[in-house]
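If you want the building blocks of each chain, they are given just below.
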Amino acid sequence: EKKWYDRIGIRGYTQFRYSSTVSGDKDAVSYWPDKSVGEDGSFLIRRARLVIFGDINDHLSLYIQPDFASTPSGSSTGHFAQLRDAYADIHFDKNKEFRVRVGQSKIPYSFENLQSSQNRLALDRNDAMNSCCRDERDIGAFFYWAPTHIRDRFKEVMAKNLKGSGDYGMFAFGIYNGQGANRLEGNNGVHMVTRFTYPHQFSNGQILEAGIQALRGRFVPSTGPAGGFTPVMDAPEKGFKDERVGVHAVLYPQPFGLQAEWNWGRGPQLNDGQTMLTESSLNGGYVLATYKIDGLRWGTLFPFVKWQHFKGGQKFERNAPRNHVNDLEFGLEWQVMKEIELTAVYHMMNRTNVASAPYERYKADVLRFQLQWNY
Amino acid sequence: EKKWYDRIGIRGYTQFRYSSTVSGDKDAVSYWPDKSVGEDGSFLIRRARLVIFGDINDHLSLYIQPDFASTPSGSSTGHFAQLRDAYADIHFDKNKEFRVRVGQSKIPYSFENLQSSQNRLALDRNDAMNSCCRDERDIGAFFYWAPTHIRDRFKEVMAKNLKGSGDYGMFAFGIYNGQGANRLEGNNGVHMVTRFTYPHQFSNGQILEAGIQALRGRFVPSTGPAGGFTPVMDAPEKGFKDERVGVHAVLYPQPFGLQAEWNWGRGPQLNDGQTMLTESSLNGGYVLATYKIDGLRWGTLFPFVKWQHFKGGQKFERNAPRNHVNDLEFGLEWQVMKEIELTAVYHMMNRTNVASAPYERYKADVLRFQLQWNY
Amino acid sequence: EKKWYDRIGIRGYTQFRYSSTVSGDKDAVSYWPDKSVGEDGSFLIRRARLVIFGDINDHLSLYIQPDFASTPSGSSTGHFAQLRDAYADIHFDKNKEFRVRVGQSKIPYSFENLQSSQNRLALDRNDAMNSCCRDERDIGAFFYWAPTHIRDRFKEVMAKNLKGSGDYGMFAFGIYNGQGANRLEGNNGVHMVTRFTYPHQFSNGQILEAGIQALRGRFVPSTGPAGGFTPVMDAPEKGFKDERVGVHAVLYPQPFGLQAEWNWGRGPQLNDGQTMLTESSLNGGYVLATYKIDGLRWGTLFPFVKWQHFKGGQKFERNAPRNHVNDLEFGLEWQVMKEIELTAVYHMMNRTNVASAPYERYKADVLRFQLQWNY
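Chains as they are written, first to last, in our numbering: chain S, 408 to 782; chain W, 408 to 782; chain F, 408 to 782.
One or more of the hints may lead you astray.
The list makes no distinction among identical chains, and a pair is therefore deemed to hold if it is satisfied within one copy or across any two copies.
What the hints assert, rightly or not - List time: in silico SDA-like cross-link candidates among lysine to any residue, alpha-carbon distance up to 20 Å:
(1) Lys770 <-> Ser427
(2) Lys503 <-> Val743
(3) Lys409 <-> Glu746
(4) Lys501 <-> Tyr470
(5) Lys409 <-> Phe460
(6) Lys501 <-> Val743
(7) Lys442 <-> Asn594
(8) Lys745 <-> Glu408
(9) Lys410 <-> Val458
(10) Lys433 <-> Glu644
(11) Lys410 <-> Ser468
Calculated from the structure, these hints are not laboratory results.
Note that the structure is predicted; figures quoted are calculated from it, not measured.
Only chain S is shown next, with the shape it has when bound in the complex (with noise of 0.2 Å):
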């Protein structure tokens, strides 16, 4: 039989980081994706992650990712363990071309929410994609599939340090929960997700993905106090109406890349007025084009440009208030070795702090940093 080290294998990265506010509304400044940014912060760790993975037999593979730099609720000290996933992927078949992934995992949702923070140029999501699903995960199944041959393709994307999303199947279709990872549900139905995507790979060895994705369900927001007052909730027990549709599209980055999604659909959102919490609709997207440069003598580099655009309501914050961004990013990516990664990001924001009432617009330049090493 096979020794536990050869089933079970770990790895991992963590994400160091330091920000400065340049110009702007300096005191509004509040980024819910990074506490480092904002007027009191200074280095952060913002992901410490361990794997614990593996091929446990020919047909059940492990993966566990807590994140040592998660705070619960509450607590005014951080950096606990907590699950980012938790699943077993259950193949069928010996190729492994059809499984069912159960427990806690990303929803097939969007290409940048499925490509890891690892691998991702920016340093966190955009807002329009990202806010469907708190944390891109939640509790449920997941069923995938995808052909040897598609399998392959997902793989020469990773393998080549081209950034792409690993292998979520061409097709997959889920249940879960919907109230987000590490959350209890909160009513008695479940969210249902679907996904197509399409890595088409061109004779000169271009590969060009794009693909479409929908979710459904019911979402039941929290509440609280906001400028003394705590708004009330225009909906059915069960909660909000919570539906989105969208599209992706990646050139992978040989040498030059380009990456675009854009989403339209409904859901909780507080009012004007910040007294009721109604339905209403939301759209929103982003384009990223990088610039992919070998052969250096130290490491590769991987200039960027991003733009985001996002009006909707941020269903997972508390009262689900009205978020709108148009943001602009400059950034670099140097991985001096496999292991070693510095980032820097002239950041252009213009946004909703959606993490305090009276939720104020903001407009502020950032400069930012990030040093990651993976193991």
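Starting from the known structure of chain S, arrange chains W and F on it as the hints suggest.
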């Protein structure tokens, strides 16, 4: 010298659940061992365990078991890593017949408490024995003795997939804090526990294990508002008397298996008026019958039926409410392969909501499913 | 390519404690570093550490150390996994003489702070040096330099079981947030620290290490009700001046060992009336003497005596109360084998309860025991 990975190993298991209330007092259902049961529960990761273990040298064995499905009290997000076990076995002799287990570990009381949830047929333990000890564990020191031929018999039961408990000694004696796993001590005294069990092997290979156990100490319950009034405690500052004696008998399934336990004792319990906690008597137990079906094309089947009964205070819940249980379960565990198990249970509940005042009784039939993967 | 288990390793240690107040102000005893000390404390897991470490490549070393005996603030259950360390050592040269340590790690201030709790004789660190930094650690970047022959000397001290600190450089300089391990930054500025130490080896093999360190920054304490009144802070918004300079000298036990440190500084401190936090001076240190007894049939003995003194604000406790310490400890560490250590200490406490107002002083003799297992 040995490599680290030959001294230390990693293994574990995860339990994924789904429940649906089929009939009865649907809105009243609240089942403390499983949050997927009840109105707003859908998918749940009940346990996500990693075990770090090993024989460090001839006299020291290590066992550390965090559960990644834990929630700090007061936090609205879960899936944090919290210890179940963290102990050292210090062996006095080369044969490891005599040892002391120091740290946080299981209290040697009852058979079902000691049997791992990885091996148990029923999805949750019976209330009668399990109410002795929060999470079956505590912080302390436990002496275990078993002669080599008995240790071999404990191992044989496990190796033959007969749903054993592992080796908790033929004789056990321990002292521990008494407030439950992961809790701070509440008084200056310790709890004491002792247990004797004997696995008799008949000439035809059948094994019948039977034994007796007892514990005593002083327990300090927590109280809080119940119906706008916080009950008072009719006990000295050092806490309520907490005493139990129990018996167990297990015929291992070759192929027919039968398992029964019962215990009697005294402990804190909320009075009828829900105004005061007083010392009261308790008693209860269970009977479980199963039949092991091997040699199928796909895995092994364990159909089972379990009846349990309990009348007593649920001491580690707030206000130690009176808990009346009279449940019947019909279940089937399908071990598809060694690493994948599916269990379905029709659970006829007749019990008390011990989680929130006014601690009402309810009747309901719940259909429950579990997928477990072992690694 | 190397296997994962040749790049990454796992080790750790656990400390199990029991304490009993022998005489003195029994009801008043409250000792912040050890919850087993005091009226309602019996058995305690003080530390349960796992270290995930490794040389990932020639330029990157990894160190992640969660402690499984941590409690989120506000939670009534403990034993959650929380980071102590999570850092990368980035080595500039092949000999690893020059490196930067990035992430959360120990602040290079004091000798005892840097010495691992796994190796320390006394059960807890002295208040005078340790009050510099919550959990001895913070988030930041630290530069270390030590020439190869000094690095070898640091290693020799560890290999010979002489209770060393490991290699924190001959010279160190760092910047860090300053609010303590696992805390968010409280202002926009950084703390700075520097340290120089030199381990001199005499011709007879004796090693005498001596050095100096200093740190400065701005610290923002937390405040809360004390006697029905929350003290105000007499400081700018960016926090109180936080400055220290210290000296250390260590004669390693071959067989007689002597270790002494002292430091002086300024920082926040609650005033006499307990109404206001003001900038105040502080000073204190300790002397520890030991004698190493090898060559016994069973292991190694380290009898030791430690005296410590401190007068100053305990800045990282709520309201930064004035802490007066004048403690004497008589102890014996018995290394039964490399993996198992037993320590007994007669601790004569003369100190302040810094955990709760009115922050009274008490005198008490406490008998303390620790069992430690290493893996």
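Here is how each hint holds up against the structure:
1. Lys770 <-> Ser427: Result: close within a single copy only, 14 Å intra versus 49 Å inter.
2. Lys503 <-> Val743: between (35 Å within a copy, 18 Å between copies)
3. Lys409 <-> Glu746: between (29 Å within a copy, 14 Å between copies)
4. Lys501 <-> Tyr470: This pair counts as within: shortest intra-copy Cα distance 19 Å, inter-copy 35 Å.
5. Lys409 <-> Phe460: Both: 15 Å inside a chain and 17 Å across chains, each within 20 Å.
6. Lys501 <-> Val743: between (38 Å within a copy, 16 Å between copies)
7. Lys442 <-> Asn594: between (31 Å within a copy, 13 Å between copies)
8. Lys745 <-> Glu408: between (33 Å within a copy, 13 Å between copies)
9. Lys410 <-> Val458: both (19 Å within a copy, 15 Å between copies)
10. Lys433 <-> Glu644: between (40 Å within a copy, 16 Å between copies)
11. Lys410 <-> Ser468: both (16 Å within a copy, 19 Å between copies)
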